[in-house]
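K.L.:
Sequences and hints are given; from them, build the entire structure.
Top line first, the protein sequences correspond to chains R and G.
Going left to right, the first sequence walks through residues 77 to 288 as our numbering numbers them.
Going left to right, the second sequence walks through residues 2 to 246 as our numbering numbers them.
Honestly, the hints are just simulated from the structure, not real lab data.
Careful, some of the hints might be misleading.
As a list, the in silico EDC-like pairs of lysine to aspartate or glutamate whose alpha-carbon atoms are at most 20 angstroms apart [stated by the list, open to error]:
(1) G/161 x G/188
(2) G/116 x R/271
(3) G/116 x R/195
(4) G/113 x R/215
(5) R/205 x R/195
(6) G/116 x R/215
(7) G/113 x R/213
(8) G/113 x R/195
(9) G/116 x G/90
(10) G/113 x G/123
(11) G/113 x R/240
(12) G/23 x G/211
Covered, in the sense of this in silico footprint (three residues per stretch, anywhere, with C-beta under 8 angstroms from a C-beta of chain G), are these stretches of chain R [as the list claims (entries may be wrong)]:
(13) 161 to 174
(14) 188 to 195
(15) 221 to 228
Backbone N, C-alpha and C fix where the C-beta goes; we use that ideal spot for every residue, glycine too.
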Amino acid sequence: MRGHGFLIANYVPGNSLVHRTPLWPKFLVVAACGAASFLIVDWIISLLVFAVMCGLFLLSGAGLRRLIRAIWLVAPIVLVIGLFQWWQLGGPTAARIVLNVLVCVVAASVLTATTPVQDLLDGVVALAKPFRPLGADPERFALTIAVMLRSIPFIAGAFSDVRDSARARGLERNPRALVLPVFITTVAYARQTGDALAARGLGEPDDAASGN
Amino acid sequence: MNSISFSRVSVRVAVDGSDTPKTLLHDFSLDLVERRIGVIGANGSGKSTLLRLLNGLVQPGGGTVVVHGDDTVTAVRRVRSNVGFVFTDPLSQLVMPTGREDVELSLRRSIKNSKERAARAEAVLGRFGLLDLADQSIYELSGGERQLLALAAVLAVNPKVLVLDEPSTLLDLRNRELLRRTVAGLDQQVIMSTHDLDLALDMDRVLVVESGRIVFDGDAAAGVARYRALCAAALDELPMGKAPQ
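P.N.:
Next comes the structure, spelled out in structure tokens:
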């Protein structure tokens, strides 16, 4: 399977101010952007927040190309949303909604482009630790996030490959020829990933909980 | 203690619409003590099932499998920490976006300190000559580089036994040779299924599996000769003159 992008940027090694900022402030910024999308009612404020987030992304040294790529990947979805909202609620509301979605995407990209995945997973483990008395395994939480981050581009890639195969057979207009193979590939991938994780002893209970 | 023992092991699976389970591996017993063991046989013969018994991915329907003193049913967690498993397709095995992150993922359970973990991952990647590729997307790597990376991620936790399930199937000649040399230099006991008969000839002992039975157990050259004979006999039975239906 060929390489496939993801809607948020991969980690880009660096030593910028954003890279050196601890995980929690960056995480809070992402959470605040998500919350703000429900609170901001003026598209001009959304535009300003979007500009700030883009500025942070560029300040990190991750580059304009990665920023454009992150936005480009969600462009078809936000375009459809924007057109629908424009038709239903008018231009300013459509602009606000589209900009708020882009703010969230760029904020998440700032976090993932400047934080190594292992640090993100350590953060998830720390967040889940208070739930340990309730039977939660923090490492499993982290592993779930890791598998999710890995699976989304795989599924996108599977769709792309299946679409090419369907085109080669002249079946590109047949939805069954697209959906069914992607579904089967995804289930097979899930099984293989499960086997691979089990074989590596990942996702098994903590030492404290294990009888072995 | 440093051996793998199969004692009257069989594997069966339920079949939809049938009361009779299908037997994937018929009753067999083996002791594996050699450093390099090859498993060869046709597709669907039971090679992968045999390998999967070694770290509890498949549980025996009857009998016991004991790896370096640990039963694969009652002590599966300890068995998995001692038995590293490399799959045919490294893309299904590599969980993280880059090699460095995947090796660090392997080390998460054993090393809690992130700096120590990063240093250990660096050392493992360096040992396999993968440092230049460590931060590249796994999709940007060649098949051989991915397979080597999957091997590094498994060996990062220093297992006692390494199981490889047809590791060279997706590799070109150069990458196959790279894998062969890498495996030859490992300290671990290696058990490998393969269709690459040159690779099989490197082994200290070869098992030939046919229709769920171990039909040969002995030295590599004789094992490969037996497998070739089985293939020739199977081809002779085909109605070669007929067009495919």
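K.L.:
To test your reading of the hints: which numbers does this structure violate?
P.N.:
The structure conflicts with hints 2, 9, 11, 13, although it agrees with all the remaining ones.
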